[in-house]
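K.L.:
As you go down the protein sequences, you meet chains G and F in turn. The letter at position 608 of the first sequence is residue 608 when you use the working numbering, and the numbering goes up by one with no holes. The letter at position 191 of the second sequence is residue 191 when you use the working numbering, and the numbering goes up by one with no holes.
Think of the hints as simulated: they come from the structure by calculation, not from any bench. Positions of the beta carbon are idealized from the N, C-alpha and C atoms, including for glycine. A hint or two may mislead.
[As the list claims (entries may be wrong)] On the chain G side, residues computed to face chain F include the following (Cβ under 7 angstroms):
hint, residue
1, 277
2, 281
3, 284
[Unchecked claim] Calculated from the model, a selection of chain G residues having no Cβ within reach of chain F, i.e. all distances over 12 angstroms:
hint, residue
4, 15
5, 78
6, 225
7, 230
8, 285
9, 309
10, 440
11, 584
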Amino acid sequence: MKLLRLGLWLLRRERASGEWRVLLLALVIGVGSVSTTGFLGDRFKRAMRDEGARFLGADLLVTSPRPVDSWPAHRLTHSAALEFASMVSHGDAFQLATVRAVDAAYPVAGTVKIAAQPFAPGIPGRALPPPGAIYADQELLPLLGAQVGDRVQLGATTFRIAGVVTQEPGQPGAMFGLAPRVFLRADAVAATQVLQPGSRVTYLYQFGGAPDALAAFSEAMKPRLDRTQRLIGAHEGVETLRGAFADTDRYIQLAALVSLLLAVVAIAITAHHYALRHYDQAALLRCMGATRRDLRTLYLIQFGSIGLAGSLAGIALGALLQTALAHLLLPTAVARLPALGPAPVVAGVASGFVALAGASMPALLRLLHVPPLRVLRRDLPPLSGSAWVSAGGSLVLLLGLTAWYAGELKLVGIFVGALAGLALLLALLAQLALGLGRVVQRMSYGPLRFGLAQLLRHRFDSTLQLAAFTLALFLVALLALVRSDLVDGWRQQVPADAPNHFLINIAPHQEQDVAAFLARHHLATSELYPMVRGRLTTKNGQPIEATLPPGQADASTLRRELNLSHTVTLPANNRIISGRWFGNRHGAEISVEAGMAERLGLALDDELGFAIGDQTISATITSLRSVRWDSMQPNFFVIFAAGPLDALPASYLAGVRIPDDAGSVLPEFVRSFPGVTVLALDKLITQITGIFNQIIAAVQLLLGFLLAAGMAVVVATLLAGLDARRQEAVLLRTLGAQRAYLARALLSEFVTLGLLAGLLACVSAEVAMALIAARLFDLPMTLHPWLWFALPAAGAALVGASGWLTTRHIVRVPPMQSIRALG
Amino acid sequence: MTPPDSRRFPDGAVVSARGLAQRVTTADGELTILADIDLTVAPGETLAITGASGSGKSTLLGLLAGLDRPSAGEVMLLGAALSELDEDARARLRAGRVGFVFQSFQLLPALSALENILLPLELAGHRDARARAADWLARVGLAERASHTPRQLSGGEQQRVALARAFATDPQIVFADEPTGNLDADTGARIIDLLFELNARAGTTLVLVTHDAALATRCARRMHLVAGRVAARAPA
Numbered sequence: 001m002k003l004l005r006l007g008l009w010l011l012r013r014e015r016a017s018g019e020w021r022v023l024l025l026a027l028v029i030g031v032g033s034v035s036t037t038g039f040l041g042d043r044f045k046r047a048m049r050d051e052g053a054r055f056l057g058a059d060l061l062v063t064s065p066r067p068v069d070s071w072p073a074h075r076l077t078h079s080a081a082l083e084f085a086s087m088v089s090h091g092d093a094f095q096l097a098t099v100r101a102v103d104a105a106y107p108v109a110g111t112v113k114i115a116a117q118p119f120a121p122g123i124p125g126r127a128l129p130p131p132g133a134i135y136a137d138q139e140l141l142p143l144l145g146a147q148v149g150d151r152v153q154l155g156a157t158t159f160r161i162a163g164v165v166t167q168e169p170g171q172p173g174a175m176f177g178l179a180p181r182v183f184l185r186a187d188a189v190a191a192t193q194v195l196q197p198g199s200r201v202t203y204l205y206q207f208g209g210a211p212d213a214l215a216a217f218s219e220a221m222k223p224r225l226d227r228t229q230r231l232i233g234a235h236e237g238v239e240t241l242r243g244a245f246a247d248t249d250r251y252i253q254l255a256a257l258v259s260l261l262l263a264v265v266a267i268a269i270t271a272h273h274y275a276l277r278h279y280d281q282a283a284l285l286r287c288m289g290a291t292r293r294d295l296r297t298l299y300l301i302q303f304g305s306i307g308l309a310g311s312l313a314g315i316a317l318g319a320l321l322q323t324a325l326a327h328l329l330l331p332t333a334v335a336r337l338p339a340l341g342p343a344p345v346v347a348g349v350a351s352g353f354v355a356l357a358g359a360s361m362p363a364l365l366r367l368l369h370v371p372p373l374r375v376l377r378r379d380l381p382p383l384s385g386s387a388w389v390s391a392g393g394s395l396v397l398l399l400g401l402t403a404w405y406a407g408e409l410k411l412v413g414i415f416v417g418a419l420a421g422l423a424l425l426l427a428l429l430a431q432l433a434l435g436l437g438r439v440v441q442r443m444s445y446g447p448l449r450f451g452l453a454q455l456l457r458h459r460f461d462s463t464l465q466l467a468a469f470t471l472a473l474f475l476v477a478l479l480a481l482v483r484s485d486l487v488d489g490w491r492q493q494v495p496a497d498a499p500n501h502f503l504i505n506i507a508p509h510q511e512q513d514v515a516a517f518l519a520r521h522h523l524a525t526s527e528l529y530p531m532v533r534g535r536l537t538t539k540n541g542q543p544i545e546a547t548l549p550p551g552q553a554d555a556s557t558l559r560r561e562l563n564l565s566h567t568v569t570l571p572a573n574n575r576i577i578s579g580r581w582f583g584n585r586h587g588a589e590i591s592v593e594a595g596m597a598e599r600l601g602l603a604l605d606d607e608l609g610f611a612i613g614d615q616t617i618s619a620t621i622t623s624l625r626s627v628r629w630d631s632m633q634p635n636f637f638v639i640f641a642a643g644p645l646d647a648l649p650a651s652y653l654a655g656v657r658i659p660d661d662a663g664s665v666l667p668e669f670v671r672s673f674p675g676v677t678v679l680a681l682d683k684l685i686t687q688i689t690g691i692f693n694q695i696i697a698a699v700q701l702l703l704g705f706l707l708a709a710g711m712a713v714v715v716a717t718l719l720a721g722l723d724a725r726r727q728e729a730v731l732l733r734t735l736g737a738q739r740a741y742l743a744r745a746l747l748s749e750f751v752t753l754g755l756l757a758g759l760l761a762c763v764s765a766e767v768a769m770a771l772i773a774a775r776l777f778d779l780p781m782t783l784h785p786w787l788w789f790a791l792p793a794a795g796a797a798l799v800g801a802s803g804w805l806t807t808r809h810i811v812r813v814p815p816m817q818s819i820r821a822l823g
Numbered sequence: 001m002t003p004p005d006s007r008r009f010p011d012g013a014v015v016s017a018r019g020l021a022q023r024v025t026t027a028d029g030e031l032t033i034l035a036d037i038d039l040t041v042a043p044g045e046t047l048a049i050t051g052a053s054g055s056g057k058s059t060l061l062g063l064l065a066g067l068d069r070p071s072a073g074e075v076m077l078l079g080a081a082l083s084e085l086d087e088d089a090r091a092r093l094r095a096g097r098v099g100f101v102f103q104s105f106q107l108l109p110a111l112s113a114l115e116n117i118l119l120p121l122e123l124a125g126h127r128d129a130r131a132r133a134a135d136w137l138a139r140v141g142l143a144e145r146a147s148h149t150p151r152q153l154s155g156g157e158q159q160r161v162a163l164a165r166a167f168a169t170d171p172q173i174v175f176a177d178e179p180t181g182n183l184d185a186d187t188g189a190r191i192i193d194l195l196f197e198l199n200a201r202a203g204t205t206l207v208l209v210t211h212d213a214a215l216a217t218r219c220a221r222r223m224h225l226v227a228g229r230v231a232a233r234a235p236a
């Protein structure tokens, strides 16, 4: 009790000291950063799931060729729809359409937009048409020569076209080969008499609700499904977004981790300085009868109080900022997100304490080992018996913390390894840079010469400061680069001339005419790919189901028909990662997408059998490809070499960019090629770029944390050297140096330090970025010329300003006052 | 607490030493700092340890106060054989019972004058610590400077605060290491007057280390060290 009172009292008396402030600041930044991402992590996943749901039209979708009559008990919102193909006619014109008969609850998630005219912006509404009416895809109207308001025949009934569908949730992958959409009321299906026994119908059951309820429902539902039925979660709703989700998640982990590590650096420097300044206090307390245990309790109380205050403030900051981030990321979903739970608060306090303990343990242990004799002989250092133990303990704590947050060992390994290597490298580089500084110093004069001399005189301190500044700048620069390269990477993957329409079901005899039409209108287009639908059935002569790796027994790839193609040119956005591209070779060879190969346990030289119509085709895997699914280009899981598919009936597929101002092209195309289905990707692209923009905004906010953490390191390093600087300044003032001279000398010292740190950080960031781009994000390597100007300038400004702000008072205080202050 | 060893040490001594020696190993071999020191200090006695710089007097003070371990010999402090105590036990022995005055004052810069005196009282768990500290601050004539931090006090004032801190816990013995070493002659003299006045009033045992022969004469007994050995004692 007495020690608690004494500890808090000592803390209160020293609350104005720079160390406590920096410790508190570093903790607030570190914990704030991880809390923001911690709070957000859960909400972010919800947000992403929600986006998936908007694509899928539901949080969960069950498809079945038969009606499903019994469901596990649930409290989810749900809708039941059915889909079938049917001819629609208007006068003499006929067109095959995909009819989706919906109830009032459809869609459970996402938006349907209905417009009064084709190619006009739609108004959000329900997909359920008024009685006696249908909604139709805008592509359908020119095919039928019909207009909104006209009546069309569907089976035995006529319906009025009440509007056109300009946006609907849906799975783009599932839409290949589908005819234009018609929305019909479910209660009007019977009257059409289209559905007869044996008709092909897909029943679509959508569900939406809280994650727990969805998970429980999903678990209960899985055992009830047969091979013809599928259960699709929102997260697997869209292949297109999968890459972006993974990158974003990893990026956010990285940002939080780096902020935390920077905070740890600031805490370690400050705690070390605190310990140095308190050796005398510790010796005095021991003299007065305090045992080592008393000292440990006293310092634990003080550091613990700071830890608690800093962590709680950090958590409060995190809670505030995550709300801002949640609004940025998904404004529409904020109201539905769960309230902040106690778990991130506990995690925040725990990480604050672990970071503080890990970073300050060596310094604190040294304090406990100060010999009491130091009161008589001030040169006595603390006993160093436990240095290795304490350093080891710190390392274990900090590695544990890093691993906990990164969650991915590969990431921790790369980062910790890189940082350790970097620390060594930076120390070496700093020594070299200071050597260069000596040359500059010899050529300079006045305060600059003196400032540089100061840098060089305290070579060890300067190396440490330079390495610390460089580390802070490097990490911020690296994150900025990763961010900018990621964004560029995404933008490249969705370039301005990315196809915004897919032309599908192009008959072989139309191939030349379609190509000519596209060329005549100067439309950017992909290659025209032949497309054959087939099901994967065997591997090396065995049924494929028998060869699957554990846990893949219900692989969705096996249930649906695959779009198979053949081409001699490796499509753009595809990369061969093993084996060789067959090119012009004819024969039974295939190239398989690497992800699919991994899921299904396929390897080079495996022979796969495909059921295509009533035929079976076998081919050997001679290459594996990585595919950028988010490229918006036609992509295929399986590509055949020339030969095996040539004789099979195929339709062709192409991606084409139709500019926004080319309004008449699309209707003309549809009129010219009535059998070809035009699939609009514009909406998909808009949705994806929208998500990317939200992610970018969130990431920029996280960079703010990094910069603050970098500044904390800068201030901590400066504060650690403040006493020595004050002493020198006093001496110089006493010897006749004017304030302005000292001020300029200090400024030149810091600006030089900042410039050097900027340059070193620049080199390091470029090298690291090249490695990260290649290894982690699968992006091409690029140099960043702007960095070579921006980073040294930023370093000079940052270190110059913070150095000046931290030390300016030592040139202003009268020498006598400073001498007293130094005791 | 370890009982006094009456076979080797005279009964009732506050501090005593037998065959005390301190040697350190340097690059040039073993260096003897102290050798063959025997002494006994009775309750209420004042002892001055004098000698030139490097004669080993501060080392002796450190050994007598249990701040360091000797290479050889034995120290009894307040009835306990220091060699039988580990460092924490020696610290517990000092708590509230041993006072110190240092050449460099050793005040904590973040604490006010009053709080510096409060520190050992709080550590020893005194109930009326604050009132007691204020009383001692008044006794050294600095009542009006209670809230001033060390950097706002002159050297003499700082040493007065240090004196108050040393006596505040009613210690049985005070060790003073060159208490005037950082002060001018006038201020030093006033500090010494105050030290002896406080000591006389409290009846405390005082062990004073100084190189100043005149100051040493104010102590009842003196011991002169030359090169780590006792060269003279007065009275003999």
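K.L.:
All hints are to be evaluated individually against the structure, with a verdict given for each.
P.N.:
Verification of the supplied hints:
Checking residue 277 of chain G against chain F by beta carbon gives a least distance of about 9 angstroms; that is not within 7 angstroms, so the hint is violated. Here the hint on residue 281 of chain G is kept, as its CB sits about 6 angstroms from the closest CB of chain F, short of 7 angstroms. Nearest Cβ of chain F to the Cβ of residue 284 of chain G: about 5 angstroms, under the 7 angstroms cut. The hint holds. Distance to chain F contradicts residue 15 of chain G as a non-interface residue, since its nearest Cβ pair spans about 9 angstroms, not more than 12 angstroms.
In this structure residue 78 of chain G is separated from chain F by more than 12 angstroms, as the shortest Cβ-Cβ distance comes to about 67 angstroms. At the 12 angstroms boundary, the C-beta of residue 225 of chain G stays outside the reach of chain F, the nearest C-beta of that chain being 70 angstroms off. With a closest Cβ-Cβ approach of about 70 angstroms to chain F, residue 230 of chain G is found to remain outside the 12 angstroms limit, as its non-interface label requires. The claim that residue 285 of chain G lies off the interface is violated: its Cβ sits roughly 7 angstroms from the closest Cβ of chain F, which falls inside the 12 angstroms cut-off.
Against the 12 angstroms criterion, residue 309 of chain G stays outside the reach of chain F, whose nearest CB is about 18 angstroms from its own CB. Non-interface status of residue 440 of chain G relative to chain F is upheld: no Cβ of that chain comes within 12 angstroms, the nearest being about 38 angstroms off. For residue 584 of chain G, the non-interface assignment is confirmed: its Cβ lies about 81 angstroms from the closest Cβ of chain F, beyond the 12 angstroms cut-off.
In the structure shown, a violation is registered for the earlier hints numbered 1, 4 and 8, in ascending order.
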